Each structure stands twice: as C-alpha cells, then as structure tokens.
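The primary structure of each chain is shown beneath.
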Amino acid sequence: CRASSDGKPEKFQPPPKPVIIDKQKQRAERRFLSPEFIPPRGRTDPLKYYMERKDMIQRRKVFNIPEFYVGHVLAVTTADPYANNKSNRFVGICIQRGGKGLGATFVLRNVIEGQGVEICYELYSPRIQAIEVLKLEKRLDDNLMYLRDALPEYSTFDMNMKPVPHLDDEEVRVNKLQVRMKPKPWSKRWERPKYNIKGIKFELPESKMKEAQKWSQPWLEFDMLREYDTSKIEEQIWKELNEELKK
Amino acid sequence: MMPIWTKSGERHAVTLLKVQDCHVLKYISKEESGGKTAKLLVGGKNLSPFSKPESAHQIFKEAGVPRKQKVTSFSVTDDAIIKPGTPLYAAHFRPGQFVDVTAKTIGKGFQGVMKRWGFKGQPASHGQTKTHRRPGAISTNKAAKVYRGKKMPGKMGNIYRTTFGLKVWRINTKHDIIYVNGCVPGHTNCLVKVRDSKLPTCKESNKNPPFPTFFADGDEKLPEDLFDEEIFQFTEPSVTYT
Numbered sequence: 001c002r003a004s005s006d007g008k009p010e011k012f013q014p015p016p017k018p019v020i021i022d023k024q025k026q027r028a029e030r031r032f033l034s035p036e037f038i039p040p041r042g043r044t045d046p047l048k049y050y051m052e053r054k055d056m057i058q059r060r061k062v063f064n065i066p067e068f069y070v071g072h073v074l075a076v077t078t079a080d081p082y083a084n085n086k087s088n089r090f091v092g093i094c095i096q097r098g099g100k101g102l103g104a105t106f107v108l109r110n111v112i113e114g115q116g117v118e119i120c121y122e123l124y125s126p127r128i129q130a131i132e133v134l135k136l137e138k139r140l141d142d143n144l145m146y147l148r149d150a151l152p153e154y155s156t157f158d159m160n161m162k163p164v165p166h167l168d169d170e171e172v173r174v175n176k177l178q179v180r181m182k183p184k185p186w187s188k189r190w191e192r193p194k195y196n197i198k199g200i201k202f203e204l205p206e207s208k209m210k211e212a213q214k215w216s217q218p219w220l221e222f223d224m225l226r227e228y229d230t231s232k233i234e235e236q237i238w239k240e241l242n243e244e245l246k247k
Numbered sequence: 001m002m003p004i005w006t007k008s009g010e011r012h013a014v015t016l017l018k019v020q021d022c023h024v025l026k027y028i029s030k031e032e033s034g035g036k037t038a039k040l041l042v043g044g045k046n047l048s049p050f051s052k053p054e055s056a057h058q059i060f061k062e063a064g065v066p067r068k069q070k071v072t073s074f075s076v077t078d079d080a081i082i083k084p085g086t087p088l089y090a091a092h093f094r095p096g097q098f099v100d101v102t103a104k105t106i107g108k109g110f111q112g113v114m115k116r117w118g119f120k121g122q123p124a125s126h127g128q129t130k131t132h133r134r135p136g137a138i139s140t141n142k143a144a145k146v147y148r149g150k151k152m153p154g155k156m157g158n159i160y161r162t163t164f165g166l167k168v169w170r171i172n173t174k175h176d177i178i179y180v181n182g183c184v185p186g187h188t189n190c191l192v193k194v195r196d197s198k199l200p201t202c203k204e205s206n207k208n209p210p211f212p213t214f215f216a217d218g219d220e221k222l223p224e225d226l227f228d229e230e231i232f233q234f235t236e237p238s239v240t241y242t
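Keeping their order, the protein sequence lines are chains A and B. In terms of the UniProt record's numbering, the first sequence opens at residue 1 and continues consecutively. In terms of the UniProt record's numbering, the second sequence opens at residue 1 and continues consecutively.
Careful: at least some of the hints might be erroneous.
Stated by the list, open to error - Every beta carbon over 10 Å from chain B, so not counted as near; a handful from chain A, in silico: (1) 14; (2) 38; (3) 39; (4) 69; (5) 102; (6) 111; (7) 129; (8) 176; (9) 220.
Unchecked claim - Below, a list of computed lysine to aspartate or glutamate pairs in the DMTMM-like style, where the Cα atoms sit at most 25 Å apart: (10) A/86 with B/236; (11) A/246 with B/225; (12) B/70 with B/32; (13) B/36 with B/236; (14) B/167 with A/203; (15) B/30 with B/100; (16) B/108 with A/45; (17) A/246 with B/224; (18) B/45 with B/224; (19) B/174 with A/203; (20) A/54 with B/224; (21) A/138 with A/203; (22) B/39 with B/78.
Note that these hints are calculated values from the structure, not bench results. Predicted model only: the values in this text are computed from it and were never measured. Virtual Cβ for every residue (Gly too), placed ideally from N, Cα, C.
Build out the structure end to end from the sequences listed, making use of the hints.
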C-alpha cells in the first residue's frame with residue numbers, strides 16, 4: 001500500500017460504482033403508437049372507436065404489423081386468387097399512410113421496368129400474409145407524393161432486395177436526402193408553402209419561389225380552433241394497447 | 001362506418017347501430033288502431049323528464065319507464081305481443097337476417113333544383129344570360145297549368161326515408177350494437193328505427209328469429225359477439241386461396 005505524502009495511511013476509497021446502462025429499458029422507453037389508433041376529431045361516439053380498437057388488437061395478436069413510417073421500404077405478400085402461387089409479393093417505398101381505425105391504408109411505390117406503380121394496401125386486410133420492413137429510414141416529410149414528379153431513380157427499388165440490417169437502437173435514421181425533380185409541369189405545385197415539403201432540391205429561379213410564397217398562410221399555425229391535442233388520448237390508448245397485447 | 005371482410009377476402013362496409021334503452025311502451029289492439037294488425041309502441045333513448053309537461057309523461061308512467069326521446073309503432077301479429085315495460089336488446093336480431101332501417105335524412109335546408117332533383121342546369125358559357133342552375137321550362141303549352149308535384153326548389157332533407165334489405169353481419173350483446181351492411185339514412189348519432197325486412201327475397205333468411213323477442217333474464221346465455229358464418233374473424237390466420 002502506498003504511503004501518502006502526510007505520512008498517515010490513506011482512507012480506503014472504494015472504486016466508483018459502474019453505471020449499468022440497461023439497453024432494454026432504453027428500448028422500451030421509445031414509444032410508437034401507430035397513427036391509425038388515434039381517433040379523429042369529430043362527433044362520433046367513442047364507443048365506436050373502442051370497438052374498432054378491439055378488432056385491431058385482435059388482428060395484431062395474430063399477425064405482426066411492424067412499426068414503420070413514411071419513407072421505409074417494405075415488402076408485402078398478399079393472397080391473390082389469380083396469381084400463379086396464389087400469392088403476390090410487392091416491394092416499394094411507403095409514400096403515404098392514411099385512414100383511421102380498421103380501414104387504415106398505406107401506399108407503396110416502385111418503378112418496375114420503367115413504369116411507376118403505386119399500390120394502396122389496407123393494414124388490417126386479411127389478404128395480407130406478411131409485411132417485412134426491408135430498409136428503415138425516415139424522410140424529411142410525412143407525405144412523399146412528390147416522388148411521382150421526381151426522377152425515377154429515387155423510386156426504384158430492387159424486387160429481390162435484401163433486408164438492410166438495423167440494430168434496435170433508439171432512433172430511426174432520418175435521411176436528409178433532397179430529391180431532384182423532373183422539369184415542370186408537376187402533378188401538384190410542390191413549391192407552394194401549403195405542402196411544406198423539405199425534401200426537394202428546388203432548382204427553380206428565385207422569382208418563382210417568391211411568387212409561391214404569396215400563397216402562404218402564416219396565420220394557420222396560430223389558429224387555436226385547429227389545435228387537436230392528442231397527448232392524453234395517446235397515453236390512454238398506449239396503456240390499453242400494452243395491456244391487451246400482453247395477454 | 002367500418003370495413004368488414006368475408007372469408008373469401010371481399011370487403012364490405014358496415015354501419016354500427018346501438019340499441020340504447022329501448023322499452024315497449026304500449027299495446028294497441030287491432031280494433032283500436034283501425035289497421036289490419038295490432039301495434040306495439042316502442043320508445044328509445046332515455047331523456048330527462050323535466051323538459052316536457054306532465055301530460056306528455058302519461059304513456060311512460062303507465063309502462064314504468066323513464067321518458068324516451070323517440071316513440072315509434074311496429075305492426076305485430078297477435079302471437080308476438082310483448083308486455084309493456086319489457087326492455088328490448090340488440091340480440092332481438094341475429095346475424096344473417098335482413099333488416100329495414102328508417103331514419104330522418106340529413107337536412108340540407110332550402111336547396112335549388114340541381115341539388116334537390118338532379119336537374120342538369122344550363123351551360124356555363126356560350127351566351128347564357130343569368131341562367132346556369134335554373135329549372136328551365138316547368139310545363140308545356142297545351143297543359144296551360146303547372147302539374148301538382150312539379151319538381152321545384154324547396155327544403156331538402158330532414159324527412160323519413162328507409163333503406164331496405166340490409167344484412168346484419170354481427171351483433172355485440174355486451175354493448176348492444178348491431179352491425180348492418182351498407183349505409184343508413186341520417187347523420188351520426190341520430191335515432192333510427194330497425195325492423196325485420198319486408199322484401200320477398202329476404203323472407204327465407206328471416207325464418208328463425210328469437211320470438212317474440214330476446215329476454216335478458218331468460219335461460220339463454222349468449223356469447224358477447226355473434227358473427228355471421230361468412231365473416232372473417234380476426235382470431236383466424238390470414239386468408240389463403242387454394
């Protein structure tokens with residue numbers, strides 16, 4: 001043992017306690033409530049949403065619907081009575097998630113042999129046999145409909161793509177890709193502020209961008225009647241979901 | 001409205017109807033009512049007794065039931081008479097039966113002839129002076145009058161209409177909900193009259209109903225959910241074709 005400079009024996013300092021970062025607990029903290037569970041604002045009886053939620057939970061117990069956002073690349077196998085093997089596999093990037101309750105849908109887009117194809121699937125349809133997430137990446141926007149007017153290379157995905165390995169980390173990576181567009185005319189005027197798109201590299205002249213700002217409605221974000229605070233509703237539904245799925 | 005899938009993978013849209021505090025209020029015999037069959041007055045959805053005078057509460061007091069928002073009459077055969085005061089439940093109907101639903105349509109107010117009767121109107125341009133949504137001619141020269149019942153602008157909606165032959169897909173006995181195929185007149189949360197279908201094609205499916213009605217305090221214990229045979233249950237695995 002070392003003698004201190006004072007000459008007195010040093011008091012025993014225990015080593016610092018190791019801080020155990022429990023990764024499983026951290027993973028559980030990340031909540032994802034699928035958007036179709038949140039009831040829309042309206043005058044319908046909450047009993048209707050409760051009945052729908054019971055059915056949705058029933059379906060989720062039997063069939064695994066993975067967590068996915070707009071921008072993920074998914075592979076969906078559906079049962080098709082007119083196909084060779086009675087099943088149909090489609091790979092594509094999810095450009096939109098719509099609908100609430102049992103009728104929730106998601107649109108997958110891919111370019112096959114030069115032809116752009118978009119298929120709208122219902123999440124809870126019994127004809128879907130498997131949904132696999134091939135690539136996990138969020139994009140800058142919630143709605144990637146502008147991919148229709150973008151160069152086809154941004155929507156092409158190989159049909160036999162291998163699933164990209166992804167650790168069960170905290171965050172889903174956000175791809176800050178700025179997409180290049182085909183020359184105008186587009187199907188919608190994506191430069192207008194109402195679409196609020198951040199994922200396009202606009203190569204339009206400054207005058208056009210300024211003119212597009214004429215249609216901006218800056219008072220919308222302060223409109224209190226449009227506010228729909230879903231935090232409490234989401235908490236309740238999250239608790240209900242977890243209790244039911246554990247059974 | 002909700003989607004529902006059959007075992008063969010077809011998708012149908014379904015309306016949810018809730019049976020809320022329905023009681024039989026009065027029995028009117030064939031001679032009293034002056035019709036061909038006896039009538040039963042049924043009331044639905046409880047309301048507070050304070051907003052109406054005492055004279056209006058007569059029928060409800062005799063039946064021993066709180067005041068109801070809506071009172072309708074059903075024509076019944078003599079063997080299906082129920083004692084006034086019995087509650088009626090959703091289990092009165094069974095999946096696979098066909099049903100007629102009556103309700104007041106959504107009121108649209110005073111509407112023009114194009115929306116109310118579906119007239120084509122006139123072109124938007126090519127010289128039309130102040131005439132784009134008008135009815136045009138209302139009668140011929142020889143008639144020299146306008147016929148009664150001529151389609152003209154007026155108040156549209158807020159009248160009773162019936163949709164016939166709707167199939168019952170599912171019944172929830174715990175919350176008293178009937179899942180009925182297709183759409184139903186009226187706005188969300190409006191009061192609706194549900195009756196066994198009178199269509200000749202639906203007579204066979206309505207052969208074995210719970211007669212005269214489903215009694216909750218009886219011996220029959222029904223499961224919480226009653227499904228039609230063709231419905232895809234979510235407890236089963238996904239549909240496959242062979």
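For each hint, the structure was consulted:
The beta carbon of residue 14 of chain A is kept farther than 10 Å from every beta carbon of chain B, the shortest such distance being approximately 57 Å. For residue 38 of chain A, the condition that its CB be more than 10 Å from all CB atoms of chain B holds, with the nearest at approximately 16 Å. A cut-off of 10 Å between C-beta atoms confirms that residue 39 of chain A is not in contact with chain B; the least separation is 13 Å. For residue 69 of chain A, the non-interface assignment is confirmed: its Cβ lies about 23 Å from the closest Cβ of chain B, beyond the 10 Å cut-off.
Non-interface call for residue 102 of chain A relative to chain B: violated, since the shortest CB-CB distance, roughly 5 Å, does not exceed 10 Å. Annotated as non-interface, residue 111 of chain A keeps its C-beta farther than 10 Å from every C-beta of chain B; the closest such distance is 28 Å. Not every C-beta of chain B lies more than 10 Å from that of residue 129 of chain A, the closest at about 5 Å, which undercuts listing it as non-interface. With a closest Cβ-Cβ approach of about 37 Å to chain B, residue 176 of chain A is found to remain outside the 10 Å limit, as its non-interface label requires.
Taking the minimum C-beta to C-beta distance to chain B, about 27 Å, the non-interface status of residue 220 of chain A holds against the 10 Å cut. Our distance criterion of 25 Å between C-alpha atoms is met by residue 86 of chain A and residue 236 of chain B, whose separation comes to about 19 Å. Simply put, residue 246 of chain A and residue 225 of chain B have alpha-carbon atoms about 22 Å apart, close enough for the 25 Å limit, and the pair holds. This hinted pair checks out: residue 70 of chain B and residue 32 of chain B have alpha carbons roughly 22 Å apart, not beyond 25 Å.
Only pairs whose Cα atoms come within 25 Å are accepted, and residue 36 of chain B paired with residue 236 of chain B is rejected, the gap being roughly 49 Å. For the suggested pair residue 167 of chain B and residue 203 of chain A, the alpha carbons sit about 56 Å apart, so the restraint of at most 25 Å is broken. Under the criterion of a C-alpha separation no larger than 25 Å, the hint pairing residue 30 of chain B with residue 100 of chain B is consistent with the structure, at around 23 Å. Taking the CA atoms of residue 108 of chain B and residue 45 of chain A, the gap is about 23 Å. The hint holds against a cut of 25 Å.
Pair hint residue 246 of chain A plus residue 224 of chain B holds up; C-alpha atoms about 21 Å apart against a cutoff of 25 Å. Between residue 45 of chain B and residue 224 of chain B the alpha-carbon distance is near 22 Å, which keeps this suggested pair within the 25 Å criterion. Annotation: proposed proximity of residue 174 of chain B to residue 203 of chain A is violated, straight-line Cα distance about 60 Å (limit 25 Å). Restraint check for residue 54 of chain A and residue 224 of chain B: satisfied, since their Cα atoms lie roughly 13 Å apart, inside the 25 Å limit.
With a C-alpha separation of about 24 Å, the suggested pairing of residue 138 of chain A with residue 203 of chain A holds against the 25 Å cut-off. Proposed proximity of residue 39 of chain B and residue 78 of chain B is supported: the alpha carbons are some 9 Å apart, at most 25 Å.
The structure fails hints 5, 7, 13, 14, 19 (numbered hints given earlier, in ascending order).
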